[in-house]
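Assemble the whole structure, with the sequences as input and the hints as a guide.
Number of protein chains: 2
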Amino acid sequence: MAEEKETKGNAQDNVVFVGKKGTMAYVLAVVTQMNQGAKEVVVKARGKAISRAVDVAEIVRHKFITEAEIAEIKTSTEEVTAEDGKPLKVSAIEIKLVKK
Amino acid sequence: MAEEKETKGNAQDNVVFVGKKGTMAYVLAVVTQMNQGAKEVVVKARGKAISRAVDVAEIVRHKFITEAEIAEIKTSTEEVTAEDGKPLKVSAIEIKLVKK
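Chains A and B, in that order, give the protein sequences.
When we follow my numbering, the leftmost residue of the first sequence carries the number 110, and every step to the right adds one.
When we follow my numbering, the leftmost residue of the second sequence carries the number 110, and every step to the right adds one.
Hints are supplied without guarantee of correctness; some may be wrong.
Copies of the same chain look alike in the list, so a pair counts if it fits in one copy or across any two.
Okay, derived cross-link-like pairs now, DMTMM-like style, lysine to aspartate or glutamate, Cα gap no bigger than 25 Å in a straight line [claimed, not checked]:
#, residue 1, residue 2
1, K172, E192
2, K198, E178
3, K130, E178
4, K157, E203
5, K209, E187
6, K148, D193
7, K172, D193
8, K172, E188
9, K208, E181
10, K198, E176
11, K129, E149
12, K209, D193
13, K208, E187
14, K148, E192
15, K172, E187
16, K148, E188
17, K209, E149
For the record, the hints were derived by calculation from the structure and aren't laboratory data.
Shown next, in the form of structure tokens:
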């Protein structure tokens, strides 16, 4: 099973974007990618979902894939368009999980 | 309003613990500490306040102290006691802002 997709181990293809679903949906997405051979998964989020992204990374490495560690965390500010059409600045996070 | 006294870390550490107040209250706390000579301020938060802590760090470095940069971001899992007395795991973040 794990042998099937060797090319998935390639770096930047593996991104999980955390939004409004339950935390475990994203945990499962990360765990699945790693179990399919990904050595690295980047968990991304914006705004209020940032807290959930940190939960996802912490749960993955403490509960499911203990050989995974957080290699890097980056934050940034992105400009999006609000509902009223005005530009709005929102914080973003990228958490890089790497399997040792 | 009761003022929280941060006793964590040694005396030289400048820590701002982000909670439920408005984002700008914490931005002001960081900016004040840096303007009073602190070269380094650590912004800490737990749970849902994590998103706000990222906002604080981003606003400080982009709007107020452009010579400040994020030197390090660490996440962890802490165990707290829930209202019903049960142990509860909560994610935490520490964002180290350093003035160049």
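To see whether the hints hold, each was checked on the structure:
no. : hint        : result
1   : K172 / E192 : between (38 Å within a copy, 24 Å between copies)
2   : K198 / E178 : between (30 Å within a copy, 18 Å between copies)
3   : K130 / E178 : within (24 Å within a copy, 32 Å between copies)
4   : K157 / E203 : both (14 Å within a copy, 17 Å between copies)
5   : K209 / E187 : between (31 Å within a copy, 23 Å between copies)
6   : K148 / D193 : neither (41 Å within a copy, 39 Å between copies)
7   : K172 / D193 : between (42 Å within a copy, 23 Å between copies)
8   : K172 / E188 : between (34 Å within a copy, 14 Å between copies)
9   : K208 / E181 : both (13 Å within a copy, 21 Å between copies)
10  : K198 / E176 : between (36 Å within a copy, 20 Å between copies)
11  : K129 / E149 : within (23 Å within a copy, 34 Å between copies)
12  : K209 / D193 : neither (46 Å within a copy, 38 Å between copies)
13  : K208 / E187 : between (28 Å within a copy, 22 Å between copies)
14  : K148 / E192 : neither (38 Å within a copy, 39 Å between copies)
15  : K172 / E187 : between (31 Å within a copy, 14 Å between copies)
16  : K148 / E188 : neither (31 Å within a copy, 29 Å between copies)
17  : K209 / E149 : within (9 Å within a copy, 31 Å between copies)
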